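**Student:** Starting from the known structure of chain A, fit chains B, C, D, E and F onto it as the hints suggest.
Protein chains: 6
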Amino acid sequence: MKDIYVADLAGFDDGRLFDSFFLVLAKQQRTTKQNKPYLNLILGDKTGQIEGRVWDPGDPRIAREFERGNLVKVRGCVSRFDDRMQLKVDQLRKALPGEADKMDMLPATTRDVQELWCELEKAVAGLTNPDLKMLLSTLLADAAIAKSYREAPAARQLHHAWLGGLLEHVVSLLGLADRVAAHYPMLDRDLLVSGVILHDIGKIRELEWEMGFDYTVEGVLLGHIQMGVDLVAKTIDSLSGFPDRLRTLVLHMVLSHHGKLEFGSPKLPMIPEALVLNFLDDLDAKMQAAAGEFEKCAREGRPPDELTGKVWALDQRQLLNTKAWLKSVAPQK
Amino acid sequence: MKDIYVADLAGFDDGRLFDSFFLVLAKQQRTTKQNKPYLNLILGDKTGQIEGRVWDPGDPRIAREFERGNLVKVRGCVSRFDDRMQLKVDQLRKALPGEADKMDMLPATTRDVQELWCELEKAVAGLTNPDLKMLLSTLLADAAIAKSYREAPAARQLHHAWLGGLLEHVVSLLGLADRVAAHYPMLDRDLLVSGVILHDIGKIRELEWEMGFDYTVEGVLLGHIQMGVDLVAKTIDSLSGFPDRLRTLVLHMVLSHHGKLEFGSPKLPMIPEALVLNFLDDLDAKMQAAAGEFEKCAREGRPPDELTGKVWALDQRQLLNTKAWLKSVAPQK
Amino acid sequence: MKDIYVADLAGFDDGRLFDSFFLVLAKQQRTTKQNKPYLNLILGDKTGQIEGRVWDPGDPRIAREFERGNLVKVRGCVSRFDDRMQLKVDQLRKALPGEADKMDMLPATTRDVQELWCELEKAVAGLTNPDLKMLLSTLLADAAIAKSYREAPAARQLHHAWLGGLLEHVVSLLGLADRVAAHYPMLDRDLLVSGVILHDIGKIRELEWEMGFDYTVEGVLLGHIQMGVDLVAKTIDSLSGFPDRLRTLVLHMVLSHHGKLEFGSPKLPMIPEALVLNFLDDLDAKMQAAAGEFEKCAREGRPPDELTGKVWALDQRQLLNTKAWLKSVAPQK
Amino acid sequence: MKDIYVADLAGFDDGRLFDSFFLVLAKQQRTTKQNKPYLNLILGDKTGQIEGRVWDPGDPRIAREFERGNLVKVRGCVSRFDDRMQLKVDQLRKALPGEADKMDMLPATTRDVQELWCELEKAVAGLTNPDLKMLLSTLLADAAIAKSYREAPAARQLHHAWLGGLLEHVVSLLGLADRVAAHYPMLDRDLLVSGVILHDIGKIRELEWEMGFDYTVEGVLLGHIQMGVDLVAKTIDSLSGFPDRLRTLVLHMVLSHHGKLEFGSPKLPMIPEALVLNFLDDLDAKMQAAAGEFEKCAREGRPPDELTGKVWALDQRQLLNTKAWLKSVAPQK
Amino acid sequence: MKDIYVADLAGFDDGRLFDSFFLVLAKQQRTTKQNKPYLNLILGDKTGQIEGRVWDPGDPRIAREFERGNLVKVRGCVSRFDDRMQLKVDQLRKALPGEADKMDMLPATTRDVQELWCELEKAVAGLTNPDLKMLLSTLLADAAIAKSYREAPAARQLHHAWLGGLLEHVVSLLGLADRVAAHYPMLDRDLLVSGVILHDIGKIRELEWEMGFDYTVEGVLLGHIQMGVDLVAKTIDSLSGFPDRLRTLVLHMVLSHHGKLEFGSPKLPMIPEALVLNFLDDLDAKMQAAAGEFEKCAREGRPPDELTGKVWALDQRQLLNTKAWLKSVAPQK
Amino acid sequence: MKDIYVADLAGFDDGRLFDSFFLVLAKQQRTTKQNKPYLNLILGDKTGQIEGRVWDPGDPRIAREFERGNLVKVRGCVSRFDDRMQLKVDQLRKALPGEADKMDMLPATTRDVQELWCELEKAVAGLTNPDLKMLLSTLLADAAIAKSYREAPAARQLHHAWLGGLLEHVVSLLGLADRVAAHYPMLDRDLLVSGVILHDIGKIRELEWEMGFDYTVEGVLLGHIQMGVDLVAKTIDSLSGFPDRLRTLVLHMVLSHHGKLEFGSPKLPMIPEALVLNFLDDLDAKMQAAAGEFEKCAREGRPPDELTGKVWALDQRQLLNTKAWLKSVAPQK
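Chains as they are written, first to last, in my numbering: chain A, 21 to 353; chain B, 21 to 353; chain C, 21 to 353; chain D, 21 to 353; chain E, 21 to 353; chain F, 21 to 353.
Here chain A stands alone, though its shape is the one from the complex (with noise of 0.2 Å):
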């Protein structure tokens, strides 16, 4: 149905028309040099986001109603201007009933959803302490809680975040966690596993993801760590003879797993699985991170012996491909 997306629109020339459909991702009246007003539009879909201009808000082929959140179809022409392009939009109206998917209007995740989901079902029945594996399946077995733990994001910005980057993310950490604590004889293996599985739960009350990524209110007020926290206790206190000190212990994993007071955490990791988990997630994020913005520079076509950009996740250090550099033809000084 959408065969035209944002990122198709760099290799479009000005004023070349076309039809497609998109998110609406924010809506705002404004007014021209000369008085007359327009709207002002960020549209999305999976590939990226654009600016869209309303020249004439009042044209008959402009719905007067829609707004953030809806699925729209547009037709309209890219002009650009320096760096800048925009869209402009001549027809616009609300995407009818199966016209378009939503999946195809917000980035999500290039692994395929069922696969990972069976990877955590798979750990799930992995473990051997049977109130952990009733906790879990409970918690996975809510079917609200299950699709959104499939579809949530792991994170609100649009570059480091898409839909499924929750369960992406908790997939890998399963893989390491798993290496890492057969490293460890100390380690309590079932604890960890469902630690890494719950750490980040309470990012699907955090943030909303039907109209882009974005904070709820409660989530700014109570934070994912508070939100993940609530729901496991409430699920705990649901079942039926969960050993008190499994519950202090599955509840400090959570609580803990930002590793500082100053992330956020209001408790440090005090058991060996809740130090690991901390250290595992960290790890993680950053390889990501990395990974992400060697993708990005190769994107870029930058020459794969130069260093990246200052990278946000890494405390605005620059990053450098060992591969590729060693691999270049470097001159012998």
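These are computed hints drawn from the structure, not numbers from a lab.
Only a predicted model underlies this, so the values are computations on that prediction, with no experimental measurement involved.
Just so you know, not all the hints are guaranteed correct.
No copy labels: a pair is met if it fits in one copy or bridges any two.
[Said to hold, decoys possible] The calculated lysine-lysine pairs, modelled on DSSO-like cross-linking and capped at a C-alpha distance of 27 Å, are:
#	residue 1	residue 2
1	K280	K343
2	K122	K93
3	K153	K343
4	K347	K93
**Tutor:** For chains B, C, D, E and F alone, kept in the frame of chain A given last:
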């Protein structure tokens, strides 16, 4: 029953025998220079602590079985060395039921607990928001919670903490909050008052005060902020029709009351009531620390126109007792 | 005299001619793309600022000589581009004496200054300590000081500052201090009240507000804390018999009121009155910032159940308007 | 030869005479209350340290000449005072060659050093990059370096450090690095493995362990990071044809492995391999600190369901032994 | 040869054609609004930089092949828009050998480089310690090192950096060190002088200045401190009989000269000479920043009795030009 | 008169009786193990301090009335226990007028105070700015100020402080400032010299040195920076015609000389002279700390090629005595 207290012993001559009851705060097996085993004890009552020594643990007049947390009857005398005073124990047995009152064994508020409790109940009665009133009434109607709330100290260290300390601190804050709420019409007085009553409620689970004041293991792993949020959330969820948004705000009040991430609040205050709660809580704690320090100096007979020692609760700064300093005769330069 | 204000211009069509008076806040010579010289101005009045352009500075209807700080009469019209609005100036001359009132040209308190001043004088009259009463009466009886104290803003940035801002802030603090002093009998009320009145008095020399709000060079080099201490010390030294110790305490109140070395107070508060002054000053500033932010959101028509933008005066945190959020219809989940 | 160790003395009665060999860790001339000179010694072996006193240094059975770093044969007995135990020395002479083994005199790894060394050599043999393989083979083929690498402790403080500690730490890291490299295909496994082996190699020059564990003066002035880089650079420069870029990356791995400027790394990790090395090194150190602390608590007979004391290597936080706590009988509330 | 510089263009009318030579600092392909490709260039010479636009890259008068780092001959004219000035390029070809001098193309010291070099050599000649003299003579006798040392800037950013900047900074420090060494007899003057000459020598490898000023990839990964230590260590190791301890101290001087771990020195200064080097290096940099800022204000015609803007090298503080302020007529209050 | 000093007692046998004069630095009533009261004293003279014990305060040979700050004549002997030495006091009476010299009782500079004072006066005489010359002459002509300036220590702690220390520090800084002013023509030499003389003048009020070295209460509440500014401002205001701008700069020099807000300067140095003053003051303090530490090591007989202990004034780093280390025989590796 108990008529000799730790504070009285400073006036006793070395070697003068006496009998009294104490709480065993610590018990340790040790060995003398001559390789003879002896017992090292920490004995306490509401006026302080003293180190005790049982030089002959095999003596039939020394009970075989007693441990940390027991009330004991002791016969012995004090002996001094340099700045330290010890209690030489000749006889020791567990107190019989009814012989001694646990309330005498730990420092306790000098205020009338029943009176304080009435002020708390009056504050709840004065709420106009029916949901908040219901929440607080439900919590305080729980006999176990009410008992703990009346007994709990506000902190662990003996010199800053006493039975009833939590209640005393909350009642002082209620008075202060009342005054400040009247100054700022923007404030939702009911929400502020509820925050005052609930902010430290997790301390009834973070601390235990049966055998001296200490943190529970759960308290160290989760902290009183999380434990308080947990308790409040569970109570709210047991009520029908409590508004979602109000639930979020109440939890936010408890969550943010330390005011900074590095002080263990995972969220900063983001509503005016939470901002005010954080300020008043901090101010009241510091004013109590100052008052306590001035009293201590007076007790120790230091001249009123000297600075105090470095005060831990005020970032190690020294304080000056304004009124005393201005009153004492100061030579005009 | 002045009947068209900057705030009114938002409603004007492009090109509609009008006359009004403004204060020249900045004046700069520039050159157009075609290398033609033009003037760039910042013009302001009590409702805001607007950029002005004189495209033909050689036109005889444009005054030759005028500069920053002058009141001018302007004929022109607005023109808009994207989010920005400019004032195209066709005619400009200096205002004649009496034509325009400087008080209209800078933002000013909405409170009645005379009324505020009476509250201040009432507070001084209410002091029981004769030395402090004499000190404050002497200071406020100085016509130049009194004039400045009534006019001075509390800070430089236009959006947080207005004529009479210092007085308004002090009067609010007086009310708050009164309430808190009644709660803590330990406090020397007279010393606290004096500290409230004197703590920011150095701002009458640190800032200048004749030509917009700015720091004086002396203000940048010495700061309002030092300038205030200097002024208070000099006044005390002109009185006979002011007690040495009281002098030290009054200066300490001013010196320490920022509460931390890194906020520019060279000494931490070390007396209870200084501790309270620091807390109340900080709390009142934050409450005003919150109130101001809520008003701004209302003015901009943002829905009441959204978070505000990041608030600079509150460490860039977002705020939520408690009452508005609770009142607006929230869907029950 | 040596059959009585410091750790055994806890079980000895005061006054019981015995003979044994010790390493002299410190020797100081002092004077008694009666102004009689005596010797104060610190004597150690691989199980710990004890203070020794020679009350009659003129006795012909006390050797005239011996100093810090000597092996000595001692006859004496223990005496205790409060918590401290001393060794009263009646006879003392330097050990004859062959009488005592220096390896018994300092704490040493409980692992088989030869086995650890084989694992290290296996890791080198498993490298596929010929330049890195040549570099590591060359370094480890140097007899002096190899000897030091097998002996060196990983740190100075006796309770965290033992002979062979460096090698033991590196071998543990090799296992961990292997697992993590398999999880992230982006990583250059050979570079990571080389970094693991080389990162702390400067410690063989920063520390000296002949006479107890201490820093060399050069070690304090330059640090093991610089000393390691120096050694690696020199070795690389002795090889012909080692690629310039690979040299830079290897040195960067060593240079950046502490991960933060304030931890003494002058550069942050900027390649994925350096990032991973820093995380694993830190994680392994903390896991060993936790394991060590749990063992210490077990040795001291503390109940398994108590928190440990504050752990220096983990920012003074307390730890809980997960498995022990869950296993011990906990009362259900 | 080159007679028109970037700094001259401010005075040129729009559209006036001229020819000159520039260094290409950046070259980028872009597309106009009408989708026509054009070239965006950054062209520079020793007086500054200007953005260049080639609107018709297909024009036969525009060279096909040229890139960053080339010297080019350009015909064109300036055009202005608001605050920005561009260079419209009509013709462009690579400069012929000998047509233009690279020394004209980058900002350079205004001091005579040969004279500065003589001062450096005089300082080496004045050393009395034969080992240090041999070390420095050997290094400066290396033609490649000497060439780089004479050319290198002291930092990357164009406004703080110029060819010969390193040498100029070192010579200023030599004078300052001489004075301070005479004040403190404790100092080993030869070691201090050697430290001054060697402390930044790694910058000749950390930076490259052929095509504008930039960091090398190796420079970013290792830093000039490590690169300097490497170069000095290698040179020392090529000399026979250089004392070990002196080697350690020289390396320590280079290693510690930034004075703090968080500024990239892995060791703090621990000998008096290193302490002094750190202070003088820091002071001289700040004094040059202040002098540069005062000159810039003068160039921009700002009145001498105003504060400067916020100075980056001085923690964003504003500065005041003492002498100018005191001299300008100030009204007496 | 006084011929036996605290420093001499180290060489005295236990029990050897002697007579000498001391300053009473502290006096405390205590009780023995057998409940007998005794006096604990701290007695001092210019070479150090010793703890004194009066075991029989009722003995008629012990004066009834004496207190902190008195000079006393003592008969007694030393007794040692482990590392500590006490003075057993048999007889004690207040010294008669003329019997003992207070100058012998506190540590004092080894320099000739009159000579130092002449250097200070020479510096004032060498000023060319008449206003600054008048200011300094006026201040130093005040007999009370001059007396205090000659006597005051530079700091409280005995090991870093001695009578005349302030003057000695200022004179050393004058020499250093002279050299550095000659290197930077930008500097206003007179302003720098005045800043050197005035920067710590507040210490004559912040400290008191009659009864040992201590802070005055006023000193703790206001600090020497504020007290110095106050004194300088008052003196300037007593002069007619002192330029306003110069007044501001002089006060800014004093105010900013600690260089950072967190070190108690409420303003950062913003003029070149203040920048230089802050650097030189800091450097000179650190060089004196290093020199003092080296002397202490020499006094204690530590080998010259060892590092010092951790030096408090240098952020707890260890130092190495360059010259001594290079001279001592070091084995070549």
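**Student:** Give a verdict on every hint.
**Tutor:** Against the structure, the hints:
1. K280 - K343: between (33 Å within a copy, 24 Å between copies)
2. K122 - K93: within (13 Å within a copy, 55 Å between copies)
3. K153 - K343: between (41 Å within a copy, 17 Å between copies)
4. K347 - K93: neither (47 Å within a copy, 36 Å between copies)
Checked against the numbered hints given earlier, this structure breaks only hint 4.
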